[in-house]
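Following the hints, put chain P in place on chain E, whose structure we already have.
Read top to bottom, the protein sequences are chains E and P. The opening position of the first sequence corresponds to residue 1 in the numbering used here, with each subsequent residue numbered one higher. The opening position of the second sequence corresponds to residue 1 in the numbering used here, with each subsequent residue numbered one higher.
FYI, nobody ran anything at the bench for these hints, they're computed from the structure. Note that the structure is a prediction, hence the values are computed from the model and not measured. One or more of the hints may lead you astray.
Capping the alpha-carbon separation at 27 Å, the derived lysine-lysine pairs in BS3-like fashion look like this [claimed, not checked]:
#1 E:242 <-> P:55
#2 E:166 <-> E:55
#3 P:55 <-> P:82
#4 E:242 <-> E:334
#5 P:242 <-> P:252
#6 E:55 <-> E:82
#7 E:242 <-> P:304
#8 E:55 <-> P:242
#9 E:304 <-> P:242
#10 E:55 <-> E:158
#11 E:304 <-> E:166
#12 P:158 <-> P:121
Taking CB as the label site, the calculated pair distances span [as the list claims (entries may be wrong)]:
#13 E:290 <-> P:11: 28 to 36 Å
#14 E:248 <-> P:247: 39 to 47 Å
#15 P:248 <-> E:33: 44 to 52 Å
#16 E:30 <-> P:153: 27 to 35 Å
#17 P:294 <-> E:14: 50 to 58 Å
#18 P:211 <-> E:290: 41 to 49 Å
Take a look, some chain E residues computed to stay more than 12 Å from chain P by CB distance [claimed, not checked]:
#19 104
#20 125
#21 213
#22 240
#23 275
#24 300
No residue lacks a Cβ here, since even glycine has one placed at the ideal position from N, Cα and C.
There are 2 protein chains.
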Amino acid sequence: MIIDCHGHYTTAPAELQTFRQGQISALENPSLPDPPNPTMSDDEIRASLEGAQLKLSRERGIDLTIFSPRASAMAHHIGTEKTSVAWAHACNDLIARVCGLYPENFVGVCQLPQSPGADLKASIRELERCVNELGFIGLNLNPDPSGGMWNSAPLTDKFWYPIYEKMVELDVPAMVHVSSSCNPNFHATGAHYINADTTAFMQFIQADLFRDFPTLRFIIPHGGGAVPYHWGRYRGLAQDMKRPLLEESVLKNVFFDTCVYHLPGIELLLEVIPTENILFGSEMVGAVRGIDPRTGNNYDDTKKYIDAMGLDDATRRKIFETNAYHVYPRLKAKLAAIAR
Amino acid sequence: MIIDCHGHYTTAPAELQTFRQGQISALENPSLPDPPNPTMSDDEIRASLEGAQLKLSRERGIDLTIFSPRASAMAHHIGTEKTSVAWAHACNDLIARVCGLYPENFVGVCQLPQSPGADLKASIRELERCVNELGFIGLNLNPDPSGGMWNSAPLTDKFWYPIYEKMVELDVPAMVHVSSSCNPNFHATGAHYINADTTAFMQFIQADLFRDFPTLRFIIPHGGGAVPYHWGRYRGLAQDMKRPLLEESVLKNVFFDTCVYHLPGIELLLEVIPTENILFGSEMVGAVRGIDPRTGNNYDDTKKYIDAMGLDDATRRKIFETNAYHVYPRLKAKLAAIAR
Chain E
1 MIIDCHGHYT
11 TAPAELQTFR
21 QGQISALENP
31 SLPDPPNPTM
41 SDDEIRASLE
51 GAQLKLSRER
61 GIDLTIFSPR
71 ASAMAHHIGT
81 EKTSVAWAHA
91 CNDLIARVCG
101 LYPENFVGVC
111 QLPQSPGADL
121 KASIRELERC
131 VNELGFIGLN
141 LNPDPSGGMW
151 NSAPLTDKFW
161 YPIYEKMVEL
171 DVPAMVHVSS
181 SCNPNFHATG
191 AHYINADTTA
201 FMQFIQADLF
211 RDFPTLRFII
221 PHGGGAVPYH
231 WGRYRGLAQD
241 MKRPLLEESV
251 LKNVFFDTCV
261 YHLPGIELLL
271 EVIPTENILF
281 GSEMVGAVRG
291 IDPRTGNNYD
301 DTKKYIDAMG
311 LDDATRRKIF
321 ETNAYHVYPR
331 LKAKLAAIAR
Chain P
1 MIIDCHGHYT
11 TAPAELQTFR
21 QGQISALENP
31 SLPDPPNPTM
41 SDDEIRASLE
51 GAQLKLSRER
61 GIDLTIFSPR
71 ASAMAHHIGT
81 EKTSVAWAHA
91 CNDLIARVCG
101 LYPENFVGVC
111 QLPQSPGADL
121 KASIRELERC
131 VNELGFIGLN
141 LNPDPSGGMW
151 NSAPLTDKFW
161 YPIYEKMVEL
171 DVPAMVHVSS
181 SCNPNFHATG
191 AHYINADTTA
201 FMQFIQADLF
211 RDFPTLRFII
221 PHGGGAVPYH
231 WGRYRGLAQD
241 MKRPLLEESV
251 LKNVFFDTCV
261 YHLPGIELLL
271 EVIPTENILF
281 GSEMVGAVRG
291 IDPRTGNNYD
301 DTKKYIDAMG
311 LDDATRRKIF
321 ETNAYHVYPR
331 LKAKLAAIAR
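Next comes chain E alone, as it looks inside the complex (with noise of 0.2 Å):
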């Protein structure tokens, strides 16, 4: 089984972003009611999943992705607390619509309410919320809810400790995501995604998060940002720094998509990062859409260059299937239940 564990619903029908403008017509103009909530058909929705994620799916061999809302679109920023409530709520329901018509192909992971300066009770609710009613496996925590203006805590601050409580009481982890960058500076994709996921490993570096919280778990995507290409040096420093060796420290509750989107990139990654800490993911249909002239596939078809990778079956396994079970532990009763 190869699961995918980073797909967002970046095709959802326009119906989402009809209500997300009204949001944003009523926070510019107050006198205006808020906007209802987005109602789609099932058919919009399958005609949003058909001919994107669930084709690209079947033509890869991608049996099921972690889905979750279209990350870019979070946008933590915009408006209140009030506001990015109303939008998660939205965003996950049709996710979870999207995980009940197609049971096989997509478990859900949410979006929470994070909103700058506030703290993490409406998140949490929402976690639950999506948990346990709607039988989600993960969420994705954004590090930087100000969009590019980095003025939360650090990760490894006692802020964000009421939610990591709760991810360790419901026993899912979080993808370490942040959402459209709104500094100038930084390209939300290019530039603003990667620094995000670098900047969350040398903070976990820094502090004993893991040790107040040892089974608390976390992906960083897009091959962990910058850190395998740079090993050698979160090894120095790290050991300069007289904290313990990585293995120990960070990588038992750190995990690594393979959303490199070249061959030599995947190659660096499976050669510097343990196979355990590594966890197939896409980002299909995502930031980079195009196909690459020198190979003819797409950029993101990353199941090619490990397939070309000439691995082991048991590396294969952990990488496109087992390891995901271990990150994910709801994911085994999701599957068990379709199996039924």
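Relative to chain E, chain P alone:
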């Protein structure tokens, strides 16, 4: 000849830090006088280098280092532009003394007196002074003088054009190099540096800076941040954005150093980035000072990784020597003057 394009004077005599502390004290208590210019003897300067950069260079077989003030200490966010002007003067004058004492070992690159919110006039004056009077061959340009707040304009914004005009006139390149971080999210050498490298490259993809300045040249240090590891992502993003091929739009003007502290990273760099765009660098004595227990060598002994690759002589010579002549045209004249 082996030229290291990336060295900082991280071991300067304590008098330099005393001067800086005097500046900071005067900022905190304006009744205090500005500190006197640091004075240190030639012997103190020699002692600071003989047991460190010079010793290691000799051991490692590095002939010449392109040498600039300690990057993390630039701290452009401290005080006002006047603070930065005096600090840059002191630091650059000290680099000039190093180059005067060891003309065969060090060639100077300057720190600029950037300051948040200030224009670039003082930086241009200092650049002219350092090139025309002190014989420097390049500059370090901080894309984020705020120290992790990222509230300046992107490097492709017209804000920066005056210094680019001066760089073109003087025919000197800039290394894009941030300084310390006062944002608790960003560890300086583990996140802020790498993020800045990644950020700058993506900015260069997005705009037509090099159409406006066809001969402008930048070195992106630390192996280009995350860029080579995500080369497929950058190629794909440029393609999706209908930008030209990176080879045409960016790689005539942007170069990477080899400050990547493990062999797999160096292998990736040399595999995906054209040889013409790679300059040997180690940033020694710098961010990572320990010995890798896996190899028994210093993490930052990057020459060993390149040596291990079994490159042909032509490729080696480009990376170790001749690419530097292209990027730093004033270097050849300096070497000729030494040889005389």
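Structure-based check of all given hints:
In summary, the hint linking residue 242 (chain E) to residue 55 (chain P) is supported, as the alpha carbons are separated by about 25 Å, within the 27 Å threshold. Of the supplied pair hints, the one linking residue 166 (chain E) and residue 55 (chain E) is violated, its CA atoms being roughly 36 Å apart against a limit of 27 Å. With a C-alpha separation of about 36 Å, the suggested pair residue 55 (chain P) and residue 82 (chain P) falls outside the 27 Å cut-off, and the hint is violated. The straight-line distance between the Cα atoms of residue 242 (chain E) and residue 334 (chain E) is roughly 42 Å, outside the 27 Å bound, and the hint therefore fails.
As the CA atoms of residue 242 (chain P) and residue 252 (chain P) are separated by approximately 18 Å, the hinted pair is consistent with the 27 Å bound. About 36 Å separates the Cα atoms of residue 55 (chain E) and residue 82 (chain E), which puts this hinted pair outside 27 Å; it is violated. Of the pairs offered as hints, the one joining residue 242 (chain E) and residue 304 (chain P) holds, with about 25 Å between alpha carbons and a cut-off of 27 Å not exceeded. Restraint check: the Cα-Cα separation between residue 55 (chain E) and residue 242 (chain P) comes to about 25 Å, which is no more than 27 Å; the hinted pair holds.
About 25 Å separates the Cα atoms of residue 304 (chain E) and residue 242 (chain P), which keeps this hinted pair within 27 Å; it holds. Taking the CA atoms of residue 55 (chain E) and residue 158 (chain E), the gap is about 43 Å. The hint is violated against a cut of 27 Å. At most 27 Å may separate the alpha-carbon atoms for a hinted pair to count; residue 304 (chain E) and residue 166 (chain E) exceed this at roughly 37 Å. This hinted pair checks out: residue 158 (chain P) and residue 121 (chain P) have alpha carbons roughly 14 Å apart, not beyond 27 Å.
In this structure the hint that residue 290 (chain E) and residue 11 (chain P) lie 28 to 36 Å apart at CB is violated, the actual value being about 48 Å. About 42 Å separates the C-beta atoms of residue 248 (chain E) and residue 247 (chain P), a value consistent with the hinted range of 39 to 47 Å. At roughly 51 Å, the beta-carbon separation of residue 248 (chain P) and residue 33 (chain E) lies within the given 44 to 52 Å, and the hint holds. For residue 30 (chain E) and residue 153 (chain P), the Cβ-Cβ distance of about 32 Å falls inside the hinted range of 27 to 35 Å, so the restraint holds.
Our hint of 50 to 58 Å for residue 294 (chain P) and residue 14 (chain E) holds, since their Cβ atoms are close to 53 Å apart. The hint said 41 to 49 Å for the Cβ distance between residue 211 (chain P) and residue 290 (chain E), and at roughly 23 Å that hint is violated. Interface exclusion of residue 104 (chain E) from chain P stands, the closest Cβ pair being 30 Å apart, more than 12 Å. Distance to chain P confirms residue 125 (chain E) as a non-interface residue, since its nearest Cβ pair spans about 26 Å, more than 12 Å.
With 12 Å as the threshold on Cβ separation, the claim that residue 213 (chain E) sits away from chain P holds: the shortest Cβ distance comes to roughly 19 Å. With a least beta-carbon separation of about 5 Å from chain P, residue 240 (chain E) fails to lie farther than 12 Å from that chain, contradicting its non-interface assignment. Distance to chain P confirms residue 275 (chain E) as a non-interface residue, since its nearest Cβ pair spans about 15 Å, more than 12 Å. Consistency note on residue 300 (chain E): stated as away from chain P, yet its beta-carbon is not over 12 Å from all of that chain's, at 8 Å minimum.
In summary, the numbered hints that this structure violates are 2, 3, 4, 6, 10, 11, 13, 18, 22 and 24.
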